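J.: Residue numbers (the numbering used here), protein chains in the order written: chain H, 1 to 164; chain B, 1 to 391; chain C, 1 to 198.
Please note that a few of the clues may not be correct.
Rough simulated footprint, nothing fancy, chain B against chain H, three-plus residues with beta-carbon under 8 Å [to be verified]:
#1 1-11
#2 58-72
One side only, chain C facing chain B, incomplete, derived with CB under 8 Å [stated by the list, open to error]:
#3 Leu2
#4 Ile6
#5 Gly9
#6 Leu10
#7 Asn16
#8 Ser20
#9 Val22
#10 Arg26
#11 Thr29
#12 Gln66
#13 Gln93
#14 Phe119
#15 Leu168
Everything labelled a hint here was simulated from the structure, so no lab data went into it.
Values in this document were obtained by computation on a predicted structure and should not be read as measured data.
For every residue, glycine included, the Cβ atom is placed at its ideal position computed from N, Cα and C.
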Amino acid sequence: MSFAIIAVFTVAGALAAMTLRNLVHCVLALVVAFTGLAGLYLQLGAQFVGFAQILVYVGAVAILIVFAMLLTQSHEPLAHLTVAPGWVTSSLVAVAVFVILAWSIRSSAVGARSIQPRPEITVRNIGDSLMSQFVVPLEVTGLLLTAALVGAVTIAMREQRMNR
Amino acid sequence: MTETMDQIFVLLKHRILAHSPVSVQPIFSAALSAIAILVVFATLFALTTILERKGLGRFQNRYGPNRVGPFGLLQPLADGLKSLTKEDIVPHSADGVVHMLAPIVLVVAAFLGYAVLPLGRNMTAINLDAGLLYFFAASSVVELAIFMAGWSSRNKYSLLGAMRAIAQMISYEVPLILSTITAVMAAGSLSTGAIVESQTGYSGIWPHWFVFTPWGFAGFVLFMIAGIAESNRSPFDLPEGESEIIAGYFVEYSGFKFALFFLGEYIGMFAICGLAITLFLGGWAAPFSFLTWAPSYFWFFAKLLVLIAMLIWVRATLPRLRMDQLMNFAWKFMLPMALINLFAASTWHFTPPGAIRWIVGTILIAVPYLLLGRGLMQSNKLEKRTYRFAD
Amino acid sequence: MLGEGILKGLAETARNFFGSFVSKERLTTVQFPEERLPQPEAARNFPFLVYDGDDSQAGLRCVACQICEKECPPKCIFIQKSSDKKPDYIGKQQFYPAVFNIDVSVCMSCQICVEVCPFDAIEMDNAFELSTTDRFRGLLWSREQLAKPNSYFHNIHPATAAEVDERLAEAKARAEAKAKPTVAASTTSQPDSQTTTS
Ligand code: SF4
Ligand code: SF4
Chain H
1 MSFAIIAVFT VAGALAAMTL RNLVHCVLAL VVAFTGLAGL YLQLGAQFVG
51 FAQILVYVGA VAILIVFAML LTQSHEPLAH LTVAPGWVTS SLVAVAVFVI
101 LAWSIRSSAV GARSIQPRPE ITVRNIGDSL MSQFVVPLEV TGLLLTAALV
151 GAVTIAMREQ RMNR
Chain B
1 MTETMDQIFV LLKHRILAHS PVSVQPIFSA ALSAIAILVV FATLFALTTI
51 LERKGLGRFQ NRYGPNRVGP FGLLQPLADG LKSLTKEDIV PHSADGVVHM
101 LAPIVLVVAA FLGYAVLPLG RNMTAINLDA GLLYFFAASS VVELAIFMAG
151 WSSRNKYSLL GAMRAIAQMI SYEVPLILST ITAVMAAGSL STGAIVESQT
201 GYSGIWPHWF VFTPWGFAGF VLFMIAGIAE SNRSPFDLPE GESEIIAGYF
251 VEYSGFKFAL FFLGEYIGMF AICGLAITLF LGGWAAPFSF LTWAPSYFWF
301 FAKLLVLIAM LIWVRATLPR LRMDQLMNFA WKFMLPMALI NLFAASTWHF
351 TPPGAIRWIV GTILIAVPYL LLGRGLMQSN KLEKRTYRFA D
Chain C
1 MLGEGILKGL AETARNFFGS FVSKERLTTV QFPEERLPQP EAARNFPFLV
51 YDGDDSQAGL RCVACQICEK ECPPKCIFIQ KSSDKKPDYI GKQQFYPAVF
101 NIDVSVCMSC QICVEVCPFD AIEMDNAFEL STTDRFRGLL WSREQLAKPN
151 SYFHNIHPAT AAEVDERLAE AKARAEAKAK PTVAASTTSQ PDSQTTTS
């Protein structure tokens, strides 16, 4: 029941994001879809992923899109529905991707495996496995992001010095 | 007796829940907590508006509002009535739906954070494992609400204000979260309840609050600065700088919607203060071991009022920052300090307790602070301004 | 050191905060309706009509010459000349205003009416709490509301009032010295000023 509500919510948001004319409305609809996804995660008991989804996608990605949009274009929304020229090919690609994904999931071992009692996934478990099993990827990602952060600050500083 | 006093609200809730059918109990319980939070914090909001205005008056050697009711204490009532009865104006070219949704989203998002704040012993509305993450997820929605408000008004000033607000909130979110991580590391949990629990002990009469460690103190200060910026309060209130962009993202709001923005802002500020209390000031724990007889929620709200008073004091003191100062401060001071503080905190955990730990911890924070401070001050040397045309 | 200035500022505001509770001199606010500052003598807000003697209507100095009506920049004075005459302070027969209205909401306190009045009949008042709940009738002040005794004028603007009194006394003395042959000549200039008003 709650799954149905959340799913309808998500899909409606995604559809609206595709079809609305005003770009800002599209972003807001996309946010609705993101929130719906987070709701799905939460429903599955994945607290960490759910909240991270909201934090990252609603709090950062949507804002990023908005910024990019406001800084690049300032057209009035188009009066009529526009269809991109390559829509046939792109929808074919989309359908193909969906079919391949669905097929590979169905034929993989995941589907065949009998459902085991799900272990309680706590944030502590996630932290533990991040720090033991997946410590190398985590460290590499962290290093990369920190480097990006420091780099951004450095670039900003240099620009200012050049302005002076 | 003290035990009952301490748990009186929890007991009351259980008493009420006992009368309801089992199937609806979880929903009912959540609703009860939500109503309690709404009522308490909305009242606190009303109280704060009058205290802030009176306090600011005193800071500026004025009386502040003193006409409505005894000592002007009924002022919030008058303000509320006024905002309720005012006309709700939607600009002609505004985006109606988004314009209407923005204040609602803002207030809801601001209130969501309270669900994980431990207001007293056993008084957390939902004790989530990832409580802190939830809090930040909820508060990140505020940015979106502000953008909605600024964009939908179709007003240059409100759009500028929204852009300023978002840029500021994103910049300060980084040090905000980085400074909370120190407390998370010390408590070993993201759950707000567990973080408070880990601070409830006493050595002698002194509490084990995180703020009484070098990294905790630095973290607390960083957190509060970033938190003030996050809640768009003076001196970081550029998004609503009256002198340059009139009122920022809510220029085009009037009447009750304006009041909602006002409410959302204060609620957000209380939430940030509440989180600071949870993370660094021991949550609902009493400040001295001989004061534990007072109920836990009393201590939480006492600390909250103290922090609010601090914020009012800061607001009365500091002028508004300029945009470049704001960004420089975030990226050149707050961020490096937060990272260094993280390092200092981890060093603290790996050195054995004793004087050495204190000395090392203090040096690790004080030296970078002094150096960074010197660097920042040097690049901002003020020169005597020369006027070409005047005199 | 970074932050030093902030601490200093915080100390300063805290001193103000506590000081405002301790010393009354810090609080410069005047609690208006209860406490009032004395008005400076030159304060002016809205004109009033001066009258001599006890009867506020009969004692009006105004002779309905309508100069002020013509000169008033926002045209907020309305005068209707009387059909009969009565003696003024010297004893000369003069018209008097049957209707004399000033619109409070239009008057811009310029004092031009006072400057141009040849009879010192209109002067500036310093009362400023003129608001009413009726924005039409309540703001249109009639002759009865505008009339105020000379003693009141002395009260609010002592120097000017004394000067005016002196001048009037002088004029009266001069008129008395000239003595009798005044009665017929006084009415000559009046009718044409009336024709120019509309
Ligand atoms: S003060 Fe000025 S505006 Fe007012 S009635 Fe006299 S002339 Fe008119
Ligand atoms: S100028 Fe003086 S005398 Fe003439 S109408 Fe005006 S107030 Fe009366």
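J.: None of the hints should be skipped; say for each whether it holds.
T.: Quick rundown of the hints versus the structure:
no., hint, in the structure
1, 1-11, "violated (count 0)"
2, 58-72, "holds (count 8)"
3, Leu2, "holds (3 Å)"
4, Ile6, "holds (7 Å)"
5, Gly9, "holds (5 Å)"
6, Leu10, "holds (5 Å)"
7, Asn16, "holds (6 Å)"
8, Ser20, "holds (5 Å)"
9, Val22, "violated (11 Å)"
10, Arg26, "holds (5 Å)"
11, Thr29, "holds (5 Å)"
12, Gln66, "violated (45 Å)"
13, Gln93, "violated (55 Å)"
14, Phe119, "violated (45 Å)"
15, Leu168, "violated (46 Å)"
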